[in-house]
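Undergrad: Using the hints provided, position chains X, P and C relative to the given structure of chain A.
There are 4 protein chains.
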Amino acid sequence: MDLGMTPRVKELAAKVRQMVSEEIEPLDAEFEAEVGKHPSGDRFQLTDRQLEILDTLKASARAKGLWNFWLTDSDKGQGLSTVEYAYLAEEMGKVGIAAEVFNCGAPDTGNMEVFERYGSPAHKERWLKPLLNGEIRSAYVMTEPGVASSDATNIALEARETAEGWVLNGEKYWISGAGDPRCAVYIIMAQTDPEAHKHARHSMFVLPADTPGIEILRPMHVFGHDDAPHGHMHLRFTNVHVAPEDLILGRGRGFEVAQGRLGPGRIHHCMRAIGQAEKALELFCKRAMTREAFKKKIVDLGANYDIIANCRMEIEMARLLCLKAAWMMDTQGTRVAQPWISQIKVVAPLMALKVVDEAMQVHGGTGISQDTPLAAMWTKIRTLRFADGPDAVHRRQVARAELRKYSNEKI
Amino acid sequence: MDLGMTPRVKELAAKVRQMVSEEIEPLDAEFEAEVGKHPSGDRFQLTDRQLEILDTLKASARAKGLWNFWLTDSDKGQGLSTVEYAYLAEEMGKVGIAAEVFNCGAPDTGNMEVFERYGSPAHKERWLKPLLNGEIRSAYVMTEPGVASSDATNIALEARETAEGWVLNGEKYWISGAGDPRCAVYIIMAQTDPEAHKHARHSMFVLPADTPGIEILRPMHVFGHDDAPHGHMHLRFTNVHVAPEDLILGRGRGFEVAQGRLGPGRIHHCMRAIGQAEKALELFCKRAMTREAFKKKIVDLGANYDIIANCRMEIEMARLLCLKAAWMMDTQGTRVAQPWISQIKVVAPLMALKVVDEAMQVHGGTGISQDTPLAAMWTKIRTLRFADGPDAVHRRQVARAELRKYSNEKI
Amino acid sequence: MDLGMTPRVKELAAKVRQMVSEEIEPLDAEFEAEVGKHPSGDRFQLTDRQLEILDTLKASARAKGLWNFWLTDSDKGQGLSTVEYAYLAEEMGKVGIAAEVFNCGAPDTGNMEVFERYGSPAHKERWLKPLLNGEIRSAYVMTEPGVASSDATNIALEARETAEGWVLNGEKYWISGAGDPRCAVYIIMAQTDPEAHKHARHSMFVLPADTPGIEILRPMHVFGHDDAPHGHMHLRFTNVHVAPEDLILGRGRGFEVAQGRLGPGRIHHCMRAIGQAEKALELFCKRAMTREAFKKKIVDLGANYDIIANCRMEIEMARLLCLKAAWMMDTQGTRVAQPWISQIKVVAPLMALKVVDEAMQVHGGTGISQDTPLAAMWTKIRTLRFADGPDAVHRRQVARAELRKYSNEKI
Amino acid sequence: MDLGMTPRVKELAAKVRQMVSEEIEPLDAEFEAEVGKHPSGDRFQLTDRQLEILDTLKASARAKGLWNFWLTDSDKGQGLSTVEYAYLAEEMGKVGIAAEVFNCGAPDTGNMEVFERYGSPAHKERWLKPLLNGEIRSAYVMTEPGVASSDATNIALEARETAEGWVLNGEKYWISGAGDPRCAVYIIMAQTDPEAHKHARHSMFVLPADTPGIEILRPMHVFGHDDAPHGHMHLRFTNVHVAPEDLILGRGRGFEVAQGRLGPGRIHHCMRAIGQAEKALELFCKRAMTREAFKKKIVDLGANYDIIANCRMEIEMARLLCLKAAWMMDTQGTRVAQPWISQIKVVAPLMALKVVDEAMQVHGGTGISQDTPLAAMWTKIRTLRFADGPDAVHRRQVARAELRKYSNEKI
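As given, the protein sequences belong to chains A, X, P and C, one line each in that order.
Remember, our numbering sits 10 above the position in the first sequence when you count from 1.
Remember, our numbering sits 10 above the position in the second sequence when you count from 1.
Remember, our numbering sits 10 above the position in the third sequence when you count from 1.
Remember, our numbering sits 10 above the position in the fourth sequence when you count from 1.
Wrong hints could be hidden among the right ones.
SDA-like, lysine to any residue: derived pairs with alpha carbons at most 20 angstroms apart [unchecked claim]:
{"#": "1", "chain 1": "X", "residue 1": "Lys415", "chain 2": "P", "residue 2": "Pro191"}
{"#": "2", "chain 1": "X", "residue 1": "Lys25", "chain 2": "X", "residue 2": "Leu37"}
{"#": "3", "chain 1": "C", "residue 1": "Lys134", "chain 2": "C", "residue 2": "Glu225"}
{"#": "4", "chain 1": "C", "residue 1": "Lys306", "chain 2": "A", "residue 2": "Glu419"}
{"#": "5", "chain 1": "P", "residue 1": "Lys208", "chain 2": "C", "residue 2": "Ala194"}
Selected chain C positions facing chain X (in silico; Cβ < 8 angstroms) [claimed, not checked]:
{"#": "6", "residue": "Gly51"}
{"#": "7", "residue": "Gly312"}
{"#": "8", "residue": "Tyr315"}
{"#": "9", "residue": "Asp316"}
None of these hints come from the bench; they were simulated from the model.
We put the beta carbon where it would ideally sit given N, CA and C, even for glycine.
Only chain A is shown next, with the shape it has when bound in the complex (with noise of 0.2 angstroms):
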């Protein structure tokens, strides 16, 4: 169970770390402070100077040959293994738009892997290549308004058979990157049999994001935030026409296709978030030992060094668990490493969030304005705690996994 840097990784991890920080960072802020001036007035439309910088950007990245990491095991990506991409998502997870820059982003990491799984050599041409060149963008459409999203088989978008495939109606919302206008493509869970067994009531379909009948309501907040460009966005679908060679993988097999989806996307965002923690850590670490108070550095005040300590365990504790997820998928296949992932995926937000917490609370003000970042942390870290299942969901997960060690009954 090597969980360790191999060579290979530990020099992409060097390139990727620097590019981040000299490369990225710098246009991060000015991304962002783009949001709202395209001159038509819509946040969700990028500025020509956005489109510049993810251009250039991504030009880089792909140059200096880091691009794809986390397309594992495949003559399209860098065959890296999950372990090795772990190193590289945490640094990735650092600043915002860094994701992205290395087409490494969600949701479009989830669904290259559904194209490339999943779909038709048509799917595979038209979608999968111009996602893997970062040409265009795409979401992932699963989470209903008038449900508990938890349980996926409550999902209740109606998709009726017809002569000339399926038609869809009903509300999807939290669509994450629906906003952007690059986003050219959803996969879409429906419900295609809703007598079935509760497994096999779903479909999935391959839509292009401009078919009529597909409204975009409002984007969704997140803790006030549109999150303009990418935006989650509630969207109605009034009989909108799918293909018949739109379906994937085969009717009723939607809930195989979303599962097998998850796993990776799941634990990718928990990389991330080991990175994030580091990242407060070291702004803590700086904060405290630089400003004083009542005639003493900050980090000889109080409790300090026991929280520093504390998030230092954590952070590490976090990161070798997502390590043997990940080592698990790499070795026994998302199926078997299911209940690790559950695991990591409660434990790697929570931590991120006290960790980045903490190192709000020791710069006072200043940790939740805009002269940190860790303010945006911690809200959209704590979005993790739901997406992609919520906590409870998991934690219910791997107590099965462990009662089954002792029981023949179904758990």
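TA: Quick look at chains X, P and C alone, frame taken from chain A:
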């Protein structure tokens, strides 16, 4: 130690609760939605509709005799005890603009207290009177960007004495309310005697907000929000003149004024945070009882019963501690009550954050979206953990009070 | 809601405190050291010196009028309210045998309450009188080895009706106090009607401890200790006869008696636990202020200020919650007060464990040794987390009370 | 960074696990039950049956080649890496006497390491050889009653140089194993040069346990237990002579020896604590799946799924951190590995306490009784939070290592 509701307060609380839910809550969202709609495009200008909402609600509150509750033991206020006020403030905490509607909002209450206790007759006439009438607003100008303001002796904005009075030079930030054009007066702490004993270095001044030389550099952001039109402004003072009669209490007595001001302010924040926790727990229960997953009500899944019980116990204890601190203030004065104020200052925001966090989690994505008040509660309460002194400083005060029981030495 | 000390209690508390520290504490260790020194070698026989210690102290307490405080609202006791009693019980909690010295020890107080409320005149004469005089002791016989006693409806010891009364068969364990040879009477819960509704299956009986057919199988150990001479015995009942007049309240009403008995007992344990936490925090502070390491007082190292503050805040809150639960009992009765009793039943032991744990830690090895009372406190308080109902059951009660606010359904 | 089980260790672990459960566990309770049954009445004399149990088991272990695993990289041991040993120590932790059976018990392993690294040929012949053969036992004599031993520079037992060698005077306590009559040799830290630099004041000596002038004052109690026959003794040294050749490594180098000794010892305790946590979680699951209350399996009540999941995640993370610390020791040496050893030294006992606590709670009274091993685990693991350095000192080390990344100053 009667911590219960007096008959008088039972009646007032019912009226406040009713007005908050029936009159204020419905208009609160509209008030927020108006932000940024001023013809000038300036988010820090109130629109006509905003002014109308506030005026209507204030008039209604005043007509009902629901006004200036915070002003204890005084002819000008309601003469309520702090314990009594706690039950009312809790209700006001549940909706954003409610405290202002009853003329009980920060930072005005603290500033009015300064005028009441330490102001000259001229100060009372010019500033206290319109503040008590809710005609103007005010700001308290203390925190500075360059120093750890958790240690108030660090305050460094220079006040130089001249023939005509004082001249101020320096920067301040996180000046809450200074964005609002109705903010007419500042109470400002400045360093007059850098060589004096650390508690005699500072003086407190009254300063009309439109005095020349005051420049708004930028609004500080709270988790990415500018909190317009209230705002938390970063200000620069360049050769700002203060009249000699606008020195409060006396040269070198700024620290004393600051201490006297902070006790009530701190506990008012706590009372409102408890109200928010109550509201969050209510939302938790209602959501968990009506939403289903895995064929069960969410409340019957996972650890939800335990979570609800823990929230109830923590709210109950925090409220009792808050009431005891209030009772100490009422019976022993703010100075003796200090360690209890510090206790509740630590306890209430942490408790409220925990309850709101759980309520968010049970709501899934809805919990962090614009569809519930939880997201705004979470980020706003978070600021209380360092506003008016970070947790660490208050814990230190509590510990020192404890250790003094066993020592004759100065601790 | 007056939760303060009345003048009467202020005086009594001072007397109790003085007697505990001056008379009882010095003899407590000697009492403990006598365990096992009976000539028979039987650890569950009191030595002459043990009897002498108890008799002397009890006589002293009674002579001072410090007796039967727990008996609220009655001619036989002191007529204190539960709130008043709380302040006295806290003092008694600080030393092992103190509660018994003031005739306020468990399980006698609960049993006396059963006799007082539900006993026949003959029961009162034969058992209640000598118990009130501290001449005999008693046991409450409920928990069983074979079933989860957290759900009292599981109780299975059989009581079969015969012509001469009842015949008991089965096992009971964790019968506290049944080891003491002075224990003269049992109150025992048995199943009389297995087919009845779950709350009507059981009946409560009075049983002289020397009735034939009762066998002590073994003492149950508490973290390896037999707690002699008190003991927590595992008993077997073989054809044990009970007279018809020794059925309490009525057939099938055992559950009702049990519920009535438990409220006060539960809160008394909590009051004493709070006293122990106070004592532990005192030991913490004194140790930390006098011991040195790394050239500093220990109190000035690490997070000790924060730990002390947290302990103080948690004690303060638990005490207030305990007093509120007591006030609810006094003003609304045990039944309405139930959710508050459950709250403090969860909160007080957890809080006391935390404070004692921190006090142990600052003492290093001394903290777990025979040189401080901390080790014994830690293990004894730990038992309170399931005695009289485990935390989980009490949390469930609190949550149900909360949810009932929002539902007409039975929860 | 291979943290997995090597094929060699997989095989050894299976053998150890089998021997622990099939041979050792059945005799462990009998060994305990024999304590105090020596004809002399002396609890610190082993009975014939105790000796027989140990001899039989040791012979069996040795015959199977399950011996001296701890001795890494050496001809005398098995040459296992620390990572490999971790998997075996975990198994040994599950039953009280198991570590001794495999000759892997504390404090002998640490003492053997001192002899191996720093001992003279005569030391190796006289003491190391029989220790490696499991024929004698040893004690490590460091902690003192009068000073905070968390700061080893406080150690004050006097070693005065004379013409014939050294003379020791002073007291030591918590000398684990010194109660056992088979304990033949002490390694003792004494102050030789009180005026020297704090890290050069002490020297380490070898001392036959039967040297005149050594007096056992009392056994220290661990939560009321004397842990006979092993014991944790309080010793007085009166003019105890040490031969000049029994000074280890050199005058003033005691601190160095102590540091070298402690790394492996600390991590071994952690490995065993992880094994205990695993066992506790197993007991938790089995109990919760077989016991019923309120018509449900206990596992389906309350927060039990969440608790089980949290336990699994915490065990998993602690094990990984322990393995990483072991790997650091293997690859970088004890000195560089120090911050990682400190990390796991804090993490493992806290984690194990939490898991054991939850397991106790789900067992109700049984959990703290003689009917499960949980009560003994809980109190024993608690001692690890200050043995070999309290948590606070280890957290301080971790924080200092962290801060050093950002500073050139000495921290």
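Undergrad: Next step is simple, just say for each hint if it's right about the structure.
TA: Results of checking the hints against the structure:
no.	hint	result
1	X:Lys415 - P:Pro191	violated, 43 angstroms
2	X:Lys25 - X:Leu37	holds, 17 angstroms
3	C:Lys134 - C:Glu225	violated, 26 angstroms
4	C:Lys306 - A:Glu419	holds, 15 angstroms
5	P:Lys208 - C:Ala194	violated, 64 angstroms
6	Gly51	violated, 43 angstroms
7	Gly312	holds, 6 angstroms
8	Tyr315	holds, 7 angstroms
9	Asp316	holds, 4 angstroms
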